[in-house]
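Trainee: Given chain S, work out where chain G should sit, using these hints.
Number of protein chains: 2
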Amino acid sequence: MSRYESPYTPAPLCGPARASFYTGRSMYSHGSVWNFVPLSIREQLLGDLLRDHGLSVALDGKIHHRPDELAMARFGIGLDTVPGHNLMNGGFEIIDRYEGHANPGPKHPYVAYLREQGYDSDDPWEDFVISGEGPDGELLSGWYARNCHLPARVSEEHSETAYTTDVGIKFIREQGDNPWFLHLSYIKPHWPYIAPAPYHDMYGVEDCLPVVRSAEELKNAHPVFKAFTDHVDSRTFHRDDVLDIVRPVYMGLVKQLDDHLGRVFQALEEAGRIDDTLILFTSDHHDYLGDHWLDEKELYHEPSTRIPLIVYDPDAAADATRGTTDSRLVEGIDFVPTFLEEVGAPVPDYLLEGRSLVPSIRGESGGAWRDIAVSEMDYTFRDARVVLSQDPRKCRGYMARGERFKYILWEGFPPQLFDLQEDPDELHDLGTDTDYATERAELHEHLFTWMRNRKLTVTLPREDIVLVRETILPRAGIHIGEW
Amino acid sequence: MSRYESPYTPAPLCGPARASFYTGRSMYSHGSVWNFVPLSIREQLLGDLLRDHGLSVALDGKIHHRPDELAMARFGIGLDTVPGHNLMNGGFEIIDRYEGHANPGPKHPYVAYLREQGYDSDDPWEDFVISGEGPDGELLSGWYARNCHLPARVSEEHSETAYTTDVGIKFIREQGDNPWFLHLSYIKPHWPYIAPAPYHDMYGVEDCLPVVRSAEELKNAHPVFKAFTDHVDSRTFHRDDVLDIVRPVYMGLVKQLDDHLGRVFQALEEAGRIDDTLILFTSDHHDYLGDHWLDEKELYHEPSTRIPLIVYDPDAAADATRGTTDSRLVEGIDFVPTFLEEVGAPVPDYLLEGRSLVPSIRGESGGAWRDIAVSEMDYTFRDARVVLSQDPRKCRGYMARGERFKYILWEGFPPQLFDLQEDPDELHDLGTDTDYATERAELHEHLFTWMRNRKLTVTLPREDIVLVRETILPRAGIHIGEW
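Residue numbers (this note's numbering), protein chains in the order written: chain S, 1 to 483; chain G, 1 to 483.
Isolated chain S, as found in the complex:
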């Protein structure tokens, strides 16, 4: 088991990050730049690549995938066809697709499950899962921070995290000795920030990390950063009472997840699969929860962009790294090539922009790794665009995180720069400091090189180049420029 210290999300936002997790390609390349932006029909997904290798990828939980329905209509690809099903579901075989960040709707299996357990309501998710109760028995919605200290009305064993775990364990047990791949994708921790007992008050403010922010940050603040701190939800997190309520509950939700993962590992042991199952634990992004005067994610401070990553590989080849940490710059686009290499599937190098972590997991030197980790964002859909009167085509920022410095290129605004060695809390923006022009220029150039290395030709496997040179050209009977 290795824990990685510097893994970065390809984009600090659910949809784009997951599109990168599932394609092995950067947001720039797959083009799904915000949650409601469909993923182009041209993208090939982990599920597609593994299915071609005879292994389907089961989904239990959230994917935040919006299909390219315009293209499906253009080409007459029906929802009832196998390709249509795969496009609609991000290439996954659906065990249980549960998005959870919005009301799952009356037809979702989780809602039926809740009714079976006796939660009698037209909308048990709204009334039990995300609501608490006031002193007179009135419902108090977990959508609102003021209610998040209350225990959710659902009992812990029927909560979202427990349900998703149950579905996953059932799947594992049913597989027996067959090979399988499961995307166990929990919605929590996530808003609505309300937890079932006993997790709702398991932690207090004194257990939480201090809030990382300073009054100085807001003076001469970068325009995009400033606009995000003014978003309605960020302003809510400027309040101490909100921090004092939400941060302990968030820790409770993390602890609940931890406990249920213990159940998953136990099920793997009972099924005799703990010794032949690779486990990769990660997240699509983190959450500011008030750090830097912000809520949610999308910007590039460490609390938003740096994600957890723990890899457990039972293979003896990985013994060398068991219990160690690895500080290399990892990107979320590295997961697909890692999975493909682990199961021995062909790696479509012409599509994948990340690097397999297998050498790192096995303690082998893989040579030079990468100069920068890149993360991307697009705030076209956000209030910040309106406030800044920014052209929708220019609402882009790119993070280039080097060994010591983190550079952020903003279209139409000055850059940002943080010295992670001297200022690990990123409270001092050096983006316009004349003493750091060299550091900025270097990371700026790295970013241009990175962009030129994107893989935008997705129609021709590289091995076909030889085929074209050696067979198609001569066969065409063409004699160019011969005397």
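None of these hints come from the bench; they were simulated from the model. Glycine is no exception: its CB is placed at the ideal position from the N, C-alpha and C atoms. Among the hints, a few may not be true.
Said to hold, decoys possible - DEER-style ranges, computed between Cβ atoms:
no. : chain 1 : residue 1 : chain 2 : residue 2 : range
1   : G       : Pro308    : S       : Pro359    : 50 to 60 Å
2   : S       : Ser365    : G       : Asn453    : 34 to 44 Å
3   : S       : Glu216    : G       : Gly367    : 56 to 66 Å
4   : S       : Leu79     : G       : Gln421    : 53 to 63 Å
5   : S       : Glu216    : G       : Glu69     : 55 to 65 Å
Mentor: Relative to chain S, chain G alone:
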């Protein structure tokens, strides 16, 4: 009628340039980086965009389009369906698809036409269209430069240029007063460089422009340039006898084209359509024909990259520019938005990377135009890659042509720079001259900006942003970060 002095092809190679002409997008974005690289299924083509507006785009001639057959198979899109037909044919309605740079094959209508005209042969294209005759009546193939001074065995009226013109005129006549759009796409001038009488000897060496090259160019030559000058076909054009044969014949082929375009214009007049038909004359690239010790195209000297562009707009609004020239930097990606604006069709701004020429045609100030014209190339498939032992992923060059300087960024090699004011023949490469570091840095940065402005999100029309913000988000019943 305006003639443009500085129009650049998006890529000095047939397939990628045409993919840009038909999509309105740069090679970088559409990803079809060489002739045999399929155009991704995600691309929407001029024919698709105009068809949605009720106007089909007829093809008479060459398109050099390779469809994304892997994706078609993946999604089960049959060749016998309308979407399948459009994908196979680059979005065009086929009047006559004639690629001509290779043997058209026994089933092509042109071959049947030749037989009807009495060209009795198993392969009339090979035996008549591209062959001449020796003193003893033996066939001498036009594939070989040594034979290109001979008249082709086909008579002029049955030659490729005449045939394509006949098909086009027939189409125009049949349309009557209906609106139509025709892509009249001649193969010639093009190898095999053999012309029918009288065009085969209409010009002599003394009529040709002098060959632009110097011995100095080959000293300390840029590695990619050097490798291309060593290609077999380039070496053929190092020979004076080849230049003396091919260049006059090439001029004959241009003159033949000119004469047949006269027939097209006359047909338009006779059909009463010369006053309501926009005509845009251009080419996908030029041909070195020995300039700079090179054959063919692909590199970035003016003889390869700068294309002809003449626009005739019969509208009175265009009277202001009739007979004038326009020196702005035009790119081949500007044609699609021009056509769409001219016919009043919706312009999908989220896809198109070029700018409509309509303001220029009408003499209106369109404000600032563009800083650089960009052209792109990928030599992965060429011998140069092998000779230079270059990683297939690094075989890329980008041209940024500014007002005065032309900068070329090469992956893995030093850049090139030409001062078009002091050195219009591009004989002095300033790519490593320390006096020009500022000019290079400026164009380098322009190129990065250009790359960041590519349009890689092709699944969501921009107007849908408002829709998402105002309808989808609130309707989802989500309350993020409220107290």
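Trainee: The structure should be examined with respect to each hint, and the outcome stated for every one.
Mentor: So, going through the hints one by one against the coordinates:
1. G:Pro308 with S:Pro359: 50 to 60 Å: 53 Å, holds
2. S:Ser365 with G:Asn453: 34 to 44 Å: 39 Å, holds
3. S:Glu216 with G:Gly367: 56 to 66 Å: 41 Å, violated
4. S:Leu79 with G:Gln421: 53 to 63 Å: Hint holds: Cβ distance 60 Å, inside 53 to 63 Å.
5. S:Glu216 with G:Glu69: 55 to 65 Å: Roughly 59 Å apart at Cβ, these two residues keep to the hinted range, so it holds.
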